[in-house]
Amino acid sequence: MDEQVSKIKEQALKEIEEAKDVKSLDETRVKFLGKKGELTALLKMMGGLAPEERPKMGSLVNSAKNEIEENIKNKEDILKKEELNQKLESEKIDVTLPATKQKRGSKHPLNRVIEEIEDLFVSMGYDVVSGPELETDEYCFERLNLPKGHPARDMQDSFYISPEYLLRTQTSAVQARAMMANEEKGPIRIIVPGKTYRREDDATHSHQFNQVEGLVIDQKISFADLKGTLEIFMKHMLGENTRLRFRPSYFPFTEPSYEVDVSCFKCGGKGCNLCKQTGWIELLGSGIVHPNVLKINGYDPEVYSGFAFGTGLDRLAMFKYGITDIRLLYANDVRFLNQFDRKD
Amino acid sequence: MILSTNFLKDYLDIGDIDVHELAEKMTAIGNEYDSCGKFINTGKLIVGEVVSCEMHPDSDHLHVCKVNVGDRILQIVCGAPNVREGLKVIVALDGTMLPGGEIKRSVIRGEESNGMLCSIAELGIDSKFLKEEDKAGIHELPQDAKVGEDAIKYMGWDDGVIDFDLTANRGDLLSILGMAYEVGAIYDKKVKPIDLSHKEEGELKFDVKVKTENCSLFLAKRVNNITIKESTPEIKERLMASGIRPINNVVDISNYVMLETGQPLHFYDADKLNGVLEVRMAENNEKLTTLDGIERTLSNEDIVISDGSKAIGLAGVMGGLDTEITENTKNVIIESAIFNNVKIRRTSNKILRSEASNRFEKGLDPNRTYMAIERACHMLEKYADGTVCKGTAKYDNADKEEKIIFINVTKINDILGTSLNFDEILDVFEKLGFKAETLDGEMINVTVPTRRTDISIEEDLIEEVGRIYGVDNVEGTVMKLPVKKGSYDKTTREIRNKMVSLGLNETLSYALVSEKDSQMFTNKENDYIKILSPLTEERVALRQSLITSLYRIYEYNKSHDIQDISLYEIAKTFYKLGEEDYKEENKLACLMTGNYYLGLHEQKVDFYVIKGVAEEILDYLGYSGRYSFMQEGKIPDEMHPGKSALISVNGTTVGIIGRVSPAICNEEVYVMEINLDKLLEKQVGKMKYKEISKFPTVKKDIAILVDKDISAQELQKAIKNAGGKLLQESKVFDLYTGKGIPEGKKSIAFSIELGDSTKTLTDEIINETMNKITENLNTKFKAELRS
Chain A
11 MDEQVSKIKE
21 QALKEIEEAK
31 DVKSLDETRV
41 KFLGKKGELT
51 ALLKMMGGLA
61 PEERPKMGSL
71 VNSAKNEIEE
81 NIKNKEDILK
91 KEELNQKLES
101 EKIDVTLPAT
111 KQKRGSKHPL
121 NRVIEEIEDL
131 FVSMGYDVVS
141 GPELETDEYC
151 FERLNLPKGH
161 PARDMQDSFY
171 ISPEYLLRTQ
181 TSAVQARAMM
191 ANEEKGPIRI
201 IVPGKTYRRE
211 DDATHSHQFN
221 QVEGLVIDQK
231 ISFADLKGTL
241 EIFMKHMLGE
251 NTRLRFRPSY
261 FPFTEPSYEV
271 DVSCFKCGGK
281 GCNLCKQTGW
291 IELLGSGIVH
301 PNVLKINGYD
311 PEVYSGFAFG
321 TGLDRLAMFK
331 YGITDIRLLY
341 ANDVRFLNQF
351 DRKD
Chain B
3 MILSTNFLKD
13 YLDIGDIDVH
23 ELAEKMTAIG
33 NEYDSCGKFI
43 NTGKLIVGEV
53 VSCEMHPDSD
63 HLHVCKVNVG
73 DRILQIVCGA
83 PNVREGLKVI
93 VALDGTMLPG
103 GEIKRSVIRG
113 EESNGMLCSI
123 AELGIDSKFL
133 KEEDKAGIHE
143 LPQDAKVGED
153 AIKYMGWDDG
163 VIDFDLTANR
173 GDLLSILGMA
183 YEVGAIYDKK
193 VKPIDLSHKE
203 EGELKFDVKV
213 KTENCSLFLA
223 KRVNNITIKE
233 STPEIKERLM
243 ASGIRPINNV
253 VDISNYVMLE
263 TGQPLHFYDA
273 DKLNGVLEVR
283 MAENNEKLTT
293 LDGIERTLSN
303 EDIVISDGSK
313 AIGLAGVMGG
323 LDTEITENTK
333 NVIIESAIFN
343 NVKIRRTSNK
353 ILRSEASNRF
363 EKGLDPNRTY
373 MAIERACHML
383 EKYADGTVCK
393 GTAKYDNADK
403 EEKIIFINVT
413 KINDILGTSL
423 NFDEILDVFE
433 KLGFKAETLD
443 GEMINVTVPT
453 RRTDISIEED
463 LIEEVGRIYG
473 VDNVEGTVMK
483 LPVKKGSYDK
493 TTREIRNKMV
503 SLGLNETLSY
513 ALVSEKDSQM
523 FTNKENDYIK
533 ILSPLTEERV
543 ALRQSLITSL
553 YRIYEYNKSH
563 DIQDISLYEI
573 AKTFYKLGEE
583 DYKEENKLAC
593 LMTGNYYLGL
603 HEQKVDFYVI
613 KGVAEEILDY
623 LGYSGRYSFM
633 QEGKIPDEMH
643 PGKSALISVN
653 GTTVGIIGRV
663 SPAICNEEVY
673 VMEINLDKLL
683 EKQVGKMKYK
693 EISKFPTVKK
703 DIAILVDKDI
713 SAQELQKAIK
723 NAGGKLLQES
733 KVFDLYTGKG
743 IPEGKKSIAF
753 SIELGDSTKT
763 LTDEIINETM
773 NKITENLNTK
783 FKAELRS
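Protein chains in written order, with our numbering: chain A, 11 to 354; chain B, 3 to 789.
Calculated from the structure, these hints are not laboratory results.
From a predicted model like this one, the values you see are computed outputs, not experimental measurements.
Even for Gly, the Cβ is constructed at its ideal location relative to N, Cα and C.
27 Å max Cα-Cα, derived BS3-like pairs, lysine-lysine: (1) A:Lys158 <-> B:Lys578; (2) B:Lys532 <-> A:Lys158; (3) A:Lys305 <-> B:Lys405; (4) A:Lys111 <-> B:Lys500; (5) B:Lys40 <-> A:Lys280; (6) B:Lys585 <-> A:Lys158; (7) B:Lys500 <-> A:Lys113; (8) A:Lys245 <-> B:Lys492; (9) B:Lys492 <-> A:Lys330; (10) A:Lys30 <-> A:Lys91; (11) A:Lys330 <-> B:Lys500; (12) B:Lys645 <-> A:Lys113; (13) B:Lys487 <-> A:Lys353; (14) A:Lys230 <-> B:Lys482; (15) A:Lys205 <-> B:Lys585; (16) B:Lys526 <-> A:Lys205; (17) A:Lys245 <-> B:Lys487; (18) A:Lys195 <-> B:Lys487; (19) B:Lys486 <-> A:Lys230; (20) A:Lys205 <-> B:Lys492; (21) B:Lys719 <-> B:Lys747; (22) B:Lys518 <-> A:Lys205; (23) B:Lys402 <-> B:Lys437; (24) B:Lys392 <-> B:Lys211; (25) B:Lys532 <-> A:Lys205; (26) B:Lys500 <-> A:Lys205; (27) B:Lys613 <-> A:Lys113; (28) A:Lys158 <-> B:Lys402; (29) A:Lys245 <-> B:Lys486; (30) A:Lys280 <-> B:Lys27.
Computed footprint of chain B on chain A; a stretch qualifies when at least three of its residues, placed anywhere within it, have a C-beta under 8 Å from a C-beta of chain B: (31) 116-127; (32) 134-142; (33) 265-276.
Same shape as in the complex, but just chain A (with noise of 0.2 Å):
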């Protein structure tokens, strides 16, 4: 009987051994533990011995029984994962073929650059705000100390509608605006990006085009302070590396006014086609509020001072971007457009 167990148990583990997929596998147990199994039909004979001998062949004929289950179930794993190895290898693709498209959008150039430049500035406390495209002559020029028949005027000649009314020739319209809302006339801190309008159309200059315009009101703003956000504001723009140049000038609404200019991103500085040899690009008109803008928009010059800037963004895009011809920025070629569709 011993023998006989062993004898089984070798067969058993022997078959299991030589499975070769579940299926033979599962035979192999039938075939030895199943209800008329071998093992199984050992166990039924065991009522034939004596009674004392029965303890003995039982757990000999159990352990053999563990032991074959046990080598079923590592067999069992061993060919499950065989199977699934080959099943995967089998379902290989060719993951070079091209991907299933998704529609990609785009945002304008010049938006972007908006966009941009709101959140710098929304980061240091500012409010984007905006203001009508067509404007009175009031908010455009009169309440920003330009009378009329004042020459500066004729620096940009303007879309006049009717006597009274224009499409802005300035995002500057809106300081008169936002000084003029704010009732308890305290401080100001707000850019504001939009269309302007101008009365010239050329290879470099668009009848339509975008500022923003910047205006802080506190007590003691200074040039000092103008000169530090300026250049906060341009190396976020072009690179930490720019550096910024002051020239005094002259705007009606500022006093002192300064231009700026900043250095060539294209050479750095050395000269060449782009900043005309001279190292630097004029970018920007600024300077300090003029005392009687102040006062036509109800603020006190000897309590409140504040500065102001503009610049155009459409050059500042242009630059950004590398584009060449203004008009692209107005053409919509969708083939153009298309190339704005990654972050920056």
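Fit chain B to the given chain A structure using the hints.
Relative to chain A, chain B alone:
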């Protein structure tokens, strides 16, 4: 203003400064320049003397000359008709660069030529300055020119010139004297006095009358027995370097003095006047023939000078032809005056902008008006042998007082962000030639010379301190302002992001369109706005719809063979409501045509694709369930009436959507426009979590037969009404017409989801609700249930 440094040196001892350095230093204090360089740009040229001149044996016009150039005698072949023995000439030696190229030793028809004898045309002087003889022959140098010396230097043509682009407020810099004060401030040099000396004899016998408030100062002097001739080379060089053509000594003096003082002068032939000059406004349609021979028609906005009976000059702009200085003029009346700058600007814009009008426009210093007329007398005596008559005829209503401005040191430092001390500030005013004094070491009173018409308030003086102290010496600071949160229009940004995520390209188009386009894609309920003086017919009116612009962009791209186009833009549209009553509206528009990627599929754009975009943006903005698409309202003529709808939110029309009419466009182009102002007026509740039901929902499908014209939207509304609270959702999943469906009918199938968040629905309730729904559909639309 072109600055001649030779001219400048008459009034300032600056030695041999580098012209580029000067230009950069002027820029740093606010006087930008366009270009700078030498008046003449050539290699070195030598004064030579023609020692012999013989005809070329092989030519009927060339001469073979022996030319002494100082250290040797060279043979040079010359073709100029005026070449002759004994002439002092300008010689370009072998290897000299001229504007036309390099001069090389050569053999001309067998004769060696070791250089070139130059005409001034060959030196690169602008041809507008040249006379016929300058172009025809070589230049003849005066006999005192020293052989072998630098000819350019001898002529003063090595003059450094800077073309400044000055700011509108600095009229004072339109003069050599003004420039001298400015440059003097940079180099800390004093300006030398101007020589006004002259003798006066004989009676003036002349009168001036001013009959308009537009002339504050009018001076006239008489100079007799002048000789008209050519100006000295020195005067001619300075005029040319300053961009003015030399004419004759008398005319040149008027220009020269204008350049020096900034005060334009006018010279009249005294014998063509009647002993009086009168200033008045022109009469409407009064005629005057100006110096250039053109007859001008004037208006009562133009200031004229009259001889007592008729206009003889357009004040500040151009003189009249009848009284001009000619070669026969013997006696001259000099006019030095100040006219209203705004009037001069208007007249000159209308007629002609000139060196004179440019100066009048910017405003003049009355003390210079007096100085200029005396200086002209000095020059006419010295260079035209004239005799100045005693006295001056004048009308003087000008303010010649110097302004005194009080300013304190603290304010200067507060505005500039500097910590300048009292002495540093006084030093700036000293350099500028302003008198500055203090009593207490804090408050400074500054006396501003009348030449500085641009300075009237404290801040103007602060600017002066800032620029002369040096803008670069001020350190930029970070403002010490209270920390606060900035704000911006997040909604527009969100809409833009959403449209981009839907695969649309953002455009940026012009608000100004043609009259024809201005009201396209609108119901033309408001007048459009026209520009008073447009640039072109294409940009004459303000658009009322953004679709127009997108449609033009579609056409542009189509013409470049681009098929798949999906665009959007956010911008303003404009309306005229009445006289001086206008309205702007913010709108979002989009246009789609060709193929569009929808999830995983590429699909041809149809109404439902663009409707999907519209719903997506409305849902995203929080209007889910509050909008509808209605075909009942008025659709713009440019759109397909059967394939377009109004978009309505809570009963307010906020936009249109649909296909561009086939009458306009064969292609299937779909457009949409939403009035953002009207839409965003509708409040949206806060985004809030809604309890997820623990009880299952039940889906039931029904198919019904209804009249073709009944919209899905109406049917769904009926389903919702009948389903009440239990109705979670109803979706259209099939639409069928054709075989098996009666004419004029359609089969439409809905998937209806019912549920209750408090309990599981029993079959009884489900059946009851579905019956209510079918009954309601039947009552309202005679819908029959299909089995």
